[in-house]
Amino acid sequence: MSEVNNAYLLKELEEQFAASIYSAEEPYGMLTIELDRKDIAPAIQYLKDHAVLKFNFLTDVCGAHFPDKMGKELSTIYHLHSFTNNIRLRIKCYMPLADPTIASVSAIFNGANWQERETFDFFGIEFLGHPNLKRILNVEEMEYFPMRKEYPLEDQTRTDKDDTYFGR
Amino acid sequence: MSTIKITEAPPGLEGSGFFATSLDKAVGLARANSIWPLPFATSCCGIEFMATMASNYDLARFGSERISFSPRQADLLMVMGTISKKMGPVLRQVYLQMAEPRWVIAVGACASSGGIFDSYSVLQGIDKVIPVDVYVPGCPPRPEQIIDGIIKIQELVKNESLNRRESAEYKALMASYGIQ
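Chains A and B supply the protein sequences, listed in that same order.
The working numbering applies: residue 1 is where the first sequence begins, and numbers increase by one.
The working numbering applies: residue 169 is where the second sequence begins, and numbers increase by one.
Hints listed in this document are in silico derivations from the structure and should not be mistaken for laboratory results.
For every residue, glycine included, the Cβ atom is placed at its ideal position computed from N, Cα and C.
Errors might be hidden in some of the hints.
[Said to hold, decoys possible] Pair ranges (Cβ atoms, derived): (1) S211/B with D99/A: 39 to 47 Å; (2) E150/A with V258/B: 28 to 36 Å; (3) W114/A with V258/B: 55 to 63 Å; (4) Q265/B with D99/A: 42 to 50 Å; (5) Q241/B with T59/A: 29 to 37 Å; (6) W204/B with W114/A: 38 to 46 Å; (7) M218/B with E141/A: 53 to 61 Å.
All chains should be modelled from the sequences, with the hints used to inform the complete structure.
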């Protein structure tokens, strides 16, 4: 199994998705690729079904908001782990704020179900094909996505504090 | 000679073989010294409450021997800890299940005002969803402070007029919270 390393992993990915991989780097030894969002579900399916790589575990799905990256404001990050090869992979997909949609991978890894709901809850990223995409942690009546960097940190419903003492 | 101090009788007329006082005062005296609290403890203030009711501080000295874990049998709702917005309706439901007369004490900064959690997920004080009688400051308050809050509640209970809960003012207060 020693032949499975980051170089081999990247080679196998580029054979299949060369046009969609925008960049690849290895921060602290963990291969991190930026992938076009249209290929996220096929890429994860490919990595799971690959005879050698066997990425059988989706560690995490999460979101991030970069208000200054024009056209790439929102992103979802996928962490994959191959237990048999003990190798990990991070995939980042960017999308514009105006169109925050990406394919759901919950049909491939059932564990993605709640993680995608949480990402939707906090960042408003819509996972197309998700069986039950609704808020998971916040109150259902909430009308905004609190982890987007569009809002002041403090709760705006607060009435008992004098703003001048809190730098607002 | 015992050093145990018992509650003093309310002011009234006393003569040989009789004692007369108003019903308000007699009922208030009985109620104030037998408050059944319902602890609604969500975080560190709840730990301070545990110390308050345990042997060192002994809340039972103030007539609150019996902690009620059913809202239907409780007189005093003690909210101790951070209440998230998602918890708000639950707290309100607990309050609605309590029978009149009922009192509410908000223990600690979070229950009183949201505390340091000035955030999208936290209710900025329980008085956004239910009326509160006494606020205890502190983060968390010491047991002495909680006892002080209970004594303040006792004063309110002792001096409350028997028909306060029927008054227009009280009904307007309830209506402002959308209750009844």
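Verification of the supplied hints:
1. S211/B with D99/A: 39 to 47 Å: holds, 40 Å
2. E150/A with V258/B: 28 to 36 Å: holds, 29 Å
3. W114/A with V258/B: 55 to 63 Å: The hint (55 to 63 Å, Cβ to Cβ) is violated, given that W114/A and V258/B are roughly 22 Å apart.
4. Q265/B with D99/A: 42 to 50 Å: Once the Cβ atoms are compared, 47 Å apart, the range 42 to 50 Å for D99/A and Q265/B holds.
5. Q241/B with T59/A: 29 to 37 Å: violated, 48 Å
6. W204/B with W114/A: 38 to 46 Å: Given range 38 to 46 Å: holds, Cβ gap about 40 Å.
7. M218/B with E141/A: 53 to 61 Å: Roughly 34 Å apart at Cβ, these two residues miss the hinted range, so it is violated.
When the structure is compared with the earlier hints, violations turn up for hints 3, 5 and 7 and for no others.
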